[in-house]
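Engineer: As they're listed, the protein sequences go chains A and B. Residue numbering for the first sequence follows the numbering used here, starting at 1 and increasing by one per position. Residue numbering for the second sequence follows the numbering used here, starting at 1 and increasing by one per position.
Derived, one-sided and incomplete: chain B residues facing chain A with beta-carbon distance under 8 Å:
no. : residue
1   : Asn100
2   : Lys111
3   : Asp408
4   : Ala411
Chain A is faced by these chain B residues, among others (derived, beta-carbon under 10 Å):
no. : residue
5   : Ser99
6   : Gly134
7   : Glu218
8   : Asn221
9   : Glu270
10  : Glu279
11  : Leu407
12  : Asn415
13  : Glu419
The set of hints was computed from the structure by calculation and includes no laboratory data. Just so it is clear, the structure is predicted and the values come from calculations on it, not from any experiment. In this text, a Cβ means the ideal position worked out from N, Cα and C, and glycines have one as well.
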Amino acid sequence: MTLTSQRSRAADQSAETARTPRARIGLGPRRPARVNRPHPALFLFPVPALVLYVVFFAIPTVEAVRYAVTDWDGFSADYNDVGASNFTTIATADSLFHNALFNNIKFMLVVVVFQTLLSLMLAVFLVKNTKSSVFLRSVYFFPTILSSVSVAFIWKFVYDPNYGLANGVLGAVGLDGLKSAYLGDDNKAIYFVAATQVWFHVGQMMVIYVAGLQQIPAELYESAEVDGASRWQLFRHVTWPMVAPATAIVIAYTTVQSFKAFDLILGLGGNPPKPSLDILSTRIYAGFANSEFGYAAAESIVFMLVIALVTWLQRRAVRLSQGAA
Amino acid sequence: MTPEQSRAVFGRRQILRGAAILGAGAAAAACAGPGTVRGGSRGPASQATAPAPIGTGKVSGDLSFAHWRAEDKAVFDKIIADFAKANPGTTVRQDISPSNDYQSTALQKIKGGAIGDAFTAFRGAQFVDMAKAGLFLDLSAQTFADSYLPKMARGGKDANGRQLGLPYQLVFNMPIFNVDLFERAGASEVPQDWDGFLELCEKLKGRGVVPLAWPGGEPANAGQLFNSMVMNNQPSDTSCADIESGKAKVTDDWFITTLKQYAQLRPFVEPKATGTSSEPLQQMFATGKAAMLATGSFHMAPVRKLGAKFPIDLVAPITVSKDKVKYVGIHNATFILGVNSASKKQDAALKFLEYLSDPEVASVYANGTGQHLTLTGVEYTSRDLKATEPWLTKNTLLAPRFQFNDLDLRAAVENACTEVLGGKDPEQAAEAAQRVVDQRRRS
Numbered sequence: 001m002t003l004t005s006q007r008s009r010a011a012d013q014s015a016e017t018a019r020t021p022r023a024r025i026g027l028g029p030r031r032p033a034r035v036n037r038p039h040p041a042l043f044l045f046p047v048p049a050l051v052l053y054v055v056f057f058a059i060p061t062v063e064a065v066r067y068a069v070t071d072w073d074g075f076s077a078d079y080n081d082v083g084a085s086n087f088t089t090i091a092t093a094d095s096l097f098h099n100a101l102f103n104n105i106k107f108m109l110v111v112v113v114f115q116t117l118l119s120l121m122l123a124v125f126l127v128k129n130t131k132s133s134v135f136l137r138s139v140y141f142f143p144t145i146l147s148s149v150s151v152a153f154i155w156k157f158v159y160d161p162n163y164g165l166a167n168g169v170l171g172a173v174g175l176d177g178l179k180s181a182y183l184g185d186d187n188k189a190i191y192f193v194a195a196t197q198v199w200f201h202v203g204q205m206m207v208i209y210v211a212g213l214q215q216i217p218a219e220l221y222e223s224a225e226v227d228g229a230s231r232w233q234l235f236r237h238v239t240w241p242m243v244a245p246a247t248a249i250v251i252a253y254t255t256v257q258s259f260k261a262f263d264l265i266l267g268l269g270g271n272p273p274k275p276s277l278d279i280l281s282t283r284i285y286a287g288f289a290n291s292e293f294g295y296a297a298a299e300s301i302v303f304m305l306v307i308a309l310v311t312w313l314q315r316r317a318v319r320l321s322q323g324a325a
Numbered sequence: 001m002t003p004e005q006s007r008a009v010f011g012r013r014q015i016l017r018g019a020a021i022l023g024a025g026a027a028a029a030a031c032a033g034p035g036t037v038r039g040g041s042r043g044p045a046s047q048a049t050a051p052a053p054i055g056t057g058k059v060s061g062d063l064s065f066a067h068w069r070a071e072d073k074a075v076f077d078k079i080i081a082d083f084a085k086a087n088p089g090t091t092v093r094q095d096i097s098p099s100n101d102y103q104s105t106a107l108q109k110i111k112g113g114a115i116g117d118a119f120t121a122f123r124g125a126q127f128v129d130m131a132k133a134g135l136f137l138d139l140s141a142q143t144f145a146d147s148y149l150p151k152m153a154r155g156g157k158d159a160n161g162r163q164l165g166l167p168y169q170l171v172f173n174m175p176i177f178n179v180d181l182f183e184r185a186g187a188s189e190v191p192q193d194w195d196g197f198l199e200l201c202e203k204l205k206g207r208g209v210v211p212l213a214w215p216g217g218e219p220a221n222a223g224q225l226f227n228s229m230v231m232n233n234q235p236s237d238t239s240c241a242d243i244e245s246g247k248a249k250v251t252d253d254w255f256i257t258t259l260k261q262y263a264q265l266r267p268f269v270e271p272k273a274t275g276t277s278s279e280p281l282q283q284m285f286a287t288g289k290a291a292m293l294a295t296g297s298f299h300m301a302p303v304r305k306l307g308a309k310f311p312i313d314l315v316a317p318i319t320v321s322k323d324k325v326k327y328v329g330i331h332n333a334t335f336i337l338g339v340n341s342a343s344k345k346q347d348a349a350l351k352f353l354e355y356l357s358d359p360e361v362a363s364v365y366a367n368g369t370g371q372h373l374t375l376t377g378v379e380y381t382s383r384d385l386k387a388t389e390p391w392l393t394k395n396t397l398l399a400p401r402f403q404f405n406d407l408d409l410r411a412a413v414e415n416a417c418t419e420v421l422g423g424k425d426p427e428q429a430a431e432a433a434q435r436v437v438d439q440r441r442r443s
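Modelling step: build the complete structure from the supplied sequences, incorporating the hints.
Structural biologist: Right, here's the structure in full:
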């Protein structure tokens with residue numbers, strides 16, 4: 001377009017504008033309706049959340065990074081910058097941390113696998129909104145509303161080797177050989193805590209799966225049945241891929257929960273817990289209790305990185321498995 | 001920009017820019033060094049002079065009293081009500097945390113000023129850290145500090161000899177026993193040596209009772225037995241501190257001997273003891289199914305509440321022969337009372353401590369809670385306190401486990417004992433514990 005034609009076009013527009021009623025009373029042209037432009041005040045709405053995020057997450061995170069390179073004890077005015085020394089110690093010379101990490105990975109694997117499978121199984125059986133299903137869903141969901149301390153208290157008595165329910169039942173049915181010290185058995189203690197964690201949260205995950213299952217169109221099952229699919233094939237080729245979003249949520253949430261099962265461990269194992277029950281969150285807490293804020297902050301950062309790495313790996317694994325289905 | 005656009009005060013970009021500036025400011029603030037974001041720093045108490053003795057003048061204010069003894073709340077409520085009556089305009093609120101939480105978080109809470117005009121501290125690492133953080137007001141000049149037994153008050157002093165706190169409770173961290181069951185097993189007196197102790201355990205077991213109820217599933221209470229087991233075996237009274245400082249090792253002969261003696265106790269503790277916590281054992285002891293409860297005098301009152309009617313006394317396993325006995329038991333002076341050096345109501349807090357130190361008030365507390373106290377002039381009327389009163393003058397050792405200031409290191413050493421009682425080889429357990437000790441000392 002030439003300069004002359006542009007000027008001519010602008011002049012035409014100006015003449016047209018002058019003929020409108022708004023132009024005659026000295027107003028400019030009406031702006032098009034601002035359908036894509038929200039009121040500026042709407043941008044104030046996220047401010048409370050942003051403030052909370054900054055105060056309770058961003059600042060502590062930045063502080064943790066800052067403290068992680070110091071030997072600050074948590075109360076002194078003085079401290080030394082120690083560079084990466086805290087991280088080096090964690091990586092190479094802290095068997096308590098390594099033990100806690102190993103325990104945590106065992107705990108997480110058991111909880112993620114069993115909690116996911118069990119919650120999916122319960123959801124598949126209880127997906128219909130019949131009275132009995134709704135009642136059973138409530139029953140399975142019930143432990144979720146209890147506090148961790150209450151759950152720990154209940155299970156401490158279940159696991160008591162002399163007066164506990166578990167050994168009592170085994171004794172009553174003549175299986176004395178299976179009686180155990182439970183939390184006192186260093187090789188198995190973490191698995192018994194994992195069992196408690198599964199009992200505690202399986203109902204919550206079941207609800208997520210029920211919501212996911214109810215979104216699957218019935219036509220998919222009908223057409224697969226018409227094609228002669230068996231019940232297992234229906235599950236494998238329809239249900240499992242279609243609950244992928246729910247599975248991703250369940251696994252990510254369960255993983256984070258497994259790393260943060262702090263109060264349950266302290267409730268069952270005491271403070272500080274024995275090495276066989278020590279996980280990363282309790283180890284970090286022990287660091288703070290031991291007035292090693294700098295070191296504990298470094299452990300916290302490693303902790304965050306471990307959770308991020310594990311969650312990423314799991315999401316990839318879920319995507320791959322459901323893509324294959 | 002149109003006239004309307006120019007009239008808009010906040011656009012999306014301005015708001016995002018503002019949020020970014022706020023975030024950057026907050027991040028920069030967070031980058032300030034430790035201590036500068038926590039209301040400044042308080043130097044150690046050594047920088048302050050001891051305040052003059054609290055007089056008879058009027059005090060007022062709403063005090064916070066931070067402690068961990070939830071079981072004492074009702075007795076404290078009564079004492080506080082009387083204190084408030086005697087000092088109109090003064091109230092005291094009890095800020096109670098469970099003992100484990102208190103051990104972990106009290107320093108930060110009290111330092112932050114949220115609680116604790118008057119507060120308490122555990123003997124050991126917590127007292128040392130609180131003193132280092134300058135939390136304690138120097139009580140050296142207070143005349144009420146003279147009411148405390150000098151031997152016990154020593155636990156509230158710092159390295160410079162200043163009385164920063166006053167240990168209030170005197171507990172005996174050694175097994176309690178059912179006198180009737182001991183007599184039925186033919187024990188006219190408590191065993192005086194290790195062989196005698198094992199023999200008694202054998203007799204008790206023969207009568208169908210658990211000789212020694214030991215809470216191996218609860219590290220904090222499982223470690224109480226450690227005090228008695230090392231008191232006569234250790235080469236010096238500071239051996240636990242020596243392990244922490246590197247002068248002694250967990251693999252030293254005396255400690256291996258101790259671990260081997262732990263192994264000898266395996267047949268005499270309840271089945272699967274490493275998984276048992278103290279609550280079921282209190283029940284076991286209260287119902288006469290266990291002869292000894294390997295925790296301490298602080299469990300006498302709870303077992304009475306569970307219905308125990310039999311006479312109770314204290315017994316420490318003597319791990320050496322009669323001629324080598326140095327101590328016959330263990331004591332600990334704890335629940336160290338202090339006044340917050342940053343409190344604005346120090347006078348009222350001092351008055352409250354003075355009130356608690358009054359022998360009459362202390363007697364109410366002692367008999368109401370079933371605790372011996374470190375004060376002179378306390379009259380014990382409770383059956384169990386009267387029965388165990390002779391222990392106040394016996395040759396007992398200040399609980400050695402609290403010489404460890406590093407809690408992980410202490411846990412490692414005590415866990416070696418737990419593992420041995422659970423079946424692990426003593427040498428292997430000692431080596432594993434020493435590895436942790438070495439790591440902790442290097443870090």
